[in-house]
Amino acid sequence: MEKKVLLAIKGLQIEGRSGDAWHPIVKGVDLTLHKGEVLGLIGESGAGKSTLGLAAMGFARDGCRISGGTIDFDGIDLRAASEAERRSLRGKRIAYVAQSAAASFNPAHRLVDQYCEAPVVHRVMAREKAEADAVELYRRMRLPNPEEIGFRYPHQVSGGQLQRAMTAMAMACRPELIIFDEPTTALDVTTQIEVLAAIRDIVRQFGTAAIYITHDLAVVAQMADRIKVLLRGSEVEEADTRKMLAEPREDYTKSLWAVRSFARPEQPPATGTPIVSVRNVTAGYGAINVLTDVSFDIHARRTVAVVGESGSGKSTTARVITGLLPPRKGEVLFNGKPLPPGFSARSRGELRQCQMIYQMADTALNPKLRLRELIGRPAEMYLGLKGKALDDRIRDLLSLIELEPDKFIDRLPGELSGGQKQRIGIARALAAEPQLIICDEVTSALDQIVQEGILKLLSRLQDELNLAYMFITHDLATVRSIADEVVVMQQGVVVERGPKAVLFAAPKEEYTNLLLSSVPEMDPDWLNRLLAARGEPA
Amino acid sequence: MNVIVFLAAALALFFVIGVAARAAMKTLAPAADKPTFRDMPLTASFGIAVILFYVLVAVFGPLLAPFGEGEVVGAQYLPWAAPHYLGTDKLGRDMLTRLIYGARNTVGIAFATTALAFVVGSILGIWAALAGGWLDQWTSRFVDALMAIPALIFSLLLLTIFGTSVLTLILVIAAVDATRVFRLARSVAQGIVVMDYIEAARLRGESNWRLIRREILPNAMAPLVAEFGLRFCFVFLSISALSFLGLGIKPPTADWGSMVRDNATLITFGDITPLLPAGAIALLTVAVNFVVDWQLHRASGLKE
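In the order they appear, the protein sequences are chains G and S.
This note's numbering puts the first residue of the first sequence at 1, with every later residue one more than the last.
This note's numbering puts the first residue of the second sequence at 1, with every later residue one more than the last.
Keep in mind that a hint or two might mislead.
[As the list claims (entries may be wrong)] Facing chain S, from chain G, some residues (calculated, C-beta under 10 Å): (1) C64; (2) A258; (3) A287; (4) T322; (5) G323; (6) P326; (7) S344; (8) S347; (9) T363; (10) A364; (11) K368; (12) L374; (13) E433; (14) Q435; (15) N513.
[To be verified] Partial list, computed: chain G residues near chain S (C-beta under 8 Å): (16) M356; (17) Y358; (18) M360; (19) L365; (20) N366; (21) R370; (22) P378; (23) M381.
[Unchecked claim] When the alpha-carbon atoms are kept at most 16 Å apart in a straight line, the in silico EDC-like pairs for lysine to aspartate or glutamate are as follows: (24) G:K421 to G:E433; (25) S:K90 to S:E206; (26) S:K34 to G:D20; (27) G:K368 to S:D271; (28) G:K386 to G:E404; (29) G:K35 to G:D74; (30) G:K421 to S:D271; (31) G:K508 to G:E496; (32) G:K129 to G:E147.
To be clear, the hints were calculated from the coordinates, so they are not data collected in a lab.
Backbone N, C-alpha and C define an ideal beta-carbon position, used for all residues, glycine too.
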């Protein structure tokens, strides 16, 4: 039996404005969604996923306009409808869950106040009824203490809980359609599972149709009945999830599927003096010890991945190595010699040897400096290059990170894409000609195709320049592709460490096992199996 | 009726100057900046035109002025008639000449004072934010203490102690105003020093001076420039106020503030001559604020 069509978008065109010109963002996309169906929208950044998702509510962001096509929601033409009509739908029959719950909740109001807003405004429920209903939905979203969690402010609950509270809020009026815009992208793997399971359950229980936007294929495989692939504002292909995963038709889709296949060749066990040796480090802020007795080594041409959930002390370890946070106990050896604990006591030579690449390239590059100075400064400072020699070096570095020097050398960071900015971060680290580069979640903010490009680049540079990497991440798929050794951290303690192959094949500790099993796989049954194995209701 | 005609004429003049100035800047600007000037609001182009006019008058003052600055050229309080187009003041000096020289003195001193206040205030403010800890506490609390004293009283006090010369006038007003700039620069810089690029630069081993100059200042420019415009007007007003009280610019140096005071008697006879220097101050203040508003608007990214 064919289900009733809920949302029908035909030949949708959306244009965005840059300066005075309008350029197309979505170029004639068709989309059909039946009642109770979940459609996954995937594609790299800039594919128009979010724009399309918002258009399903008849909404265009500032600086965008819907320029063609029709949007039909249950017989209502959303393009022709007045703003008042559309408003009466939003929040009541169509709801939206944004990527960052932390940024979407108003920090000045309690969760339940924000929950009640839509039902009360749309006159679906009275305030008391809505509050009681909130508790019920919080329970169904498996939030701890459903009776009282609503009375907290957004900053008093964790990121994963906030994302679930956001979904509960979207369900408040029992909408027929929910648009999820990358709801788990900002969460770490173990939290992601909980949110995914909760979202999937509640959508099924209420028979809500959903559009699930993400760039993570493994996630979409768990959530969606059908998948639509977008590329630069056009549809590539659409099929049922299982069919799409098993036999993608288009080359572009195949390339998306193959992203996770990159793997650095296995390296022989390292010998000799390690470049960096962290010895029994205990460090912290104020009265709290964030790290307790942490030890590990990093050898030349090897990548050590430090993994763990947020708050496990990964970044703090990096701060100890760079000297931003002098340790309370223990020391950091560099080529066998102890480094001064604070960075201001280190010589330029010592500072040069250890460079850092940051997670957010946006905040790691001074937006007012041109690439010439951003990349050139370390070379100028440490290596004393000037004039022509400096210019040549900057051009070499740009070629090394696969950006065309003549085109890019005088640009500002704002004129680059996310992946290009991260490449500039890498070039800046390389300009110092270091022995160790600390990569702090360098690929987390990038979508998978760009991620792969960065990982390949890092791997190539490692072989060419004999670099050692300390790779901080919560993404175990990344670890699988490039790490040689893995250090697993939990609450400031090294739980387990060893060569990647050994650790992945036979994790000794329960925590390692939990982390490893939480990495989404492309198999659409993965989440069911995992939840069953963990003894939770599927 | 007269008032309405006058207002309509002023408004028309404003439009004519604004449109003409915008057209001129659009043609003269290099190709890359043309869109900036094309999208410029009329208020901003008018403001720029007026400021340019003041600057020209100040620079070419001695060439433009028909008489000498302190020269007594006729009877006192002469009406507006050739060769004294704006009449004479209470000592029989040419009013137009004094207005032109006043542009030099008042605007020049105000600019020097504001610039000094900004150099000192913003460097110290950014340094305090960068250094943090007790250094930040001491400098900031000291500045707070200074700010607790009303600015005019404090300037009067300092001027009585150090005497009234142009140099002390500049230093005193700059010192008072630098405290305000310090607060702004510090709070803006506090938002910047926590960015990863500052951490990266510190880890690279950059000196404080370079961090302030190359890493922080370019990112703090927008609010500082906006504040510069406002401060400039305030300085203007405080110089005029001090001159009016007799502690600012010493006669016979022409100064708009003291010119109002000296000729104030005329107002009682229904003559608007003493209001001309006041009008000159008001016009410049408005013009500077038009330009500042435009800059703020651009910096905040609020298009349309």
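Here is what the structure says about each hint:
With a least beta-carbon distance of about 14 Å to chain S, the hint placing C64 (chain G) at the interface is violated under the 10 Å criterion. Among the interface hints, the one on A258 (chain G) is violated; its C-beta lies about 32 Å from the nearest C-beta in chain S, farther than the 10 Å criterion. Taking 10 Å as the C-beta contact cut-off toward chain S, the hint placing A287 (chain G) at the interface is violated, the least distance being around 19 Å. A least Cβ separation of about 6 Å between T322 (chain G) and chain S falls short of the 10 Å threshold, and the interface hint therefore holds.
Among the interface hints, the one on G323 (chain G) holds; its C-beta lies about 7 Å from the nearest C-beta in chain S, closer than the 10 Å criterion. Because the closest C-beta pair between P326 (chain G) and chain S is about 14 Å apart, greater than 10 Å, the hint is violated. Contact between S344 (chain G) and chain S, as hinted, is supported at the beta carbon level, the nearest pair being about 8 Å apart and thus within 10 Å. About 8 Å separates the beta-carbon of S347 (chain G) from the nearest beta-carbon of chain S, less than 10 Å, and the hint is met.
Interface restraint check: T363 (chain G) against chain S, minimum CB-CB distance 5 Å, threshold 10 Å, status holds. For A364 (chain G), the suggested interface contact is upheld, since its CB lies about 4 Å from the closest CB of chain S, less than 10 Å. Taking 10 Å as the C-beta cut-off, the interface hint given for K368 (chain G) holds, the closest approach to chain S being about 4 Å. Because the closest C-beta pair between L374 (chain G) and chain S is about 9 Å apart, less than 10 Å, the hint holds.
The restraint placing E433 (chain G) at the interface with chain S is violated, with a minimum CB-CB distance near 13 Å, outside the 10 Å limit. Given hint, Q435 (chain G) at the interface with chain S, is violated; its Cβ is 15 Å from that chain's nearest Cβ, farther than 10 Å. The beta carbon of N513 (chain G) comes no nearer than 33 Å to any beta carbon in chain S, farther than 10 Å, and the hint placing it at the interface is violated. The beta carbon of M356 (chain G) comes within 7 Å of a beta carbon in chain S, closer than 8 Å, and the hint placing it at the interface holds.
For Y358 (chain G), the interface hint holds, since its Cβ comes within 8 Å of a Cβ in chain S; the closest pair sits about 5 Å apart. Taken as an interface hint, M360 (chain G) checks out: its beta carbon lies about 7 Å from the nearest beta carbon of chain S, inside 8 Å. Look at L365 (chain G): its Cβ gets to within about 6 Å of chain S, closer than 8 Å, so that hint holds up. Nearest Cβ of chain S to the Cβ of N366 (chain G): about 4 Å, under the 8 Å cut. The hint holds.
About 11 Å separates the beta-carbon of R370 (chain G) from the nearest beta-carbon of chain S, more than 8 Å, and the hint is not met. Evaluation of the P378 (chain G) hint against chain S yields a held restraint, the C-beta minimum of about 6 Å falling below 8 Å. Checking M381 (chain G) against chain S: minimum C-beta separation of about 6 Å stays under 8 Å; hint holds. The hinted pair formed by K421 (chain G) and E433 (chain G) fails the criterion: a straight-line CA distance of about 19 Å is larger than 16 Å.
A distance of roughly 61 Å separates the Cα atoms of K90 (chain S) and E206 (chain S); the hinted pair therefore is violated under the 16 Å criterion. Between K34 (chain S) and D20 (chain G) the alpha-carbon distance is near 13 Å, which keeps this suggested pair within the 16 Å criterion. The straight-line distance between the Cα atoms of K368 (chain G) and D271 (chain S) is roughly 53 Å, outside the 16 Å bound, and the hint therefore fails. Only pairs whose Cα atoms come within 16 Å are accepted, and K386 (chain G) paired with E404 (chain G) is rejected, the gap being roughly 21 Å.
Distance restraint check for K35 (chain G) and D74 (chain G): the Cα-Cα separation of roughly 10 Å lies within the 16 Å cut-off, and the hinted pair is therefore satisfied. At roughly 66 Å between alpha-carbon atoms, K421 (chain G) and D271 (chain S) are farther apart than 16 Å, so this suggested pair is violated. For a cut-off of 16 Å, the pair hint linking K508 (chain G) to E496 (chain G) stands: about 8 Å separates their Cα positions. Distance check on the hinted pair: K129 (chain G) and E147 (chain G) sit about 14 Å apart at the alpha-carbon level, within 16 Å; holds.
Hint compliance for this structure: hints 1, 2, 3, 6, 13, 14, 15, 21, 24, 25, 27, 28 and 30 are broken, all remaining hints hold.
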